[in-house]
Structures are given as structure tokens and as C-alpha cells.
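*Asks:* Position one of the sequence shown corresponds to residue 4 (my numbering), numbered consecutively onward.
A couple of the hints might just be wrong.
To be verified - DEER-style ranges, computed between Cβ atoms:
hint, residue 1, residue 2, range
1, L35, A5, 22 to 32 Å
2, A5, R34, 35 to 45 Å
3, R34, M4, 43 to 53 Å
No wet-lab data here; the hints were simulated from the structure.
Just so we're clear, the structure is a prediction, and the values are computed from it rather than from any experiment.
Note that the Cβ used here is the ideal one computed from N, Cα and C, for glycine as well.
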Amino acid sequence: MALFFVFLIGMGISFAVHDTSSTVIVAKIWRL
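Work the whole structure out from these sequences, hints included.
*Replies:* Put into C-alpha cells, the structure is as follows:
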């Protein structure tokens with residue numbers, strides 16, 4: 004179960020980082 008929680012946390016961080024980078028990219032495109 005511990006590994007499962009670590010996997011979920013890792014996935015959550017990955018999605019958060021991906022969403023943040025995507026937002027930055029969209030913001031740069033809108034500024035252009």
C-alpha cells in the first residue's frame with residue numbers, strides 16, 4: 004500500500020507540474 008500512495012503522490016506532482024507548464028505556455032502565446 005505504501006508504494007501505491009507514493010505512486011499516487013508522484014502522479015499528482017507530475018500532473019501539477021504539467022498543468023503549470025501548460026498554463027505558462029498558454030500565457031506566453033496569449034501575450035504574443
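*Asks:* Determine for every hint whether it applies to the structure shown.
*Replies:* So, going through the hints one by one against the coordinates:
1. L35 <-> A5: 22 to 32 Å: violated, 46 Å
2. A5 <-> R34: 35 to 45 Å: holds, 44 Å
3. R34 <-> M4: 43 to 53 Å: Taking Cβ atoms as reference, R34 and M4 lie about 45 Å apart, which means the hint holds.
The structure fails hint 1 only (numbered hints given earlier).
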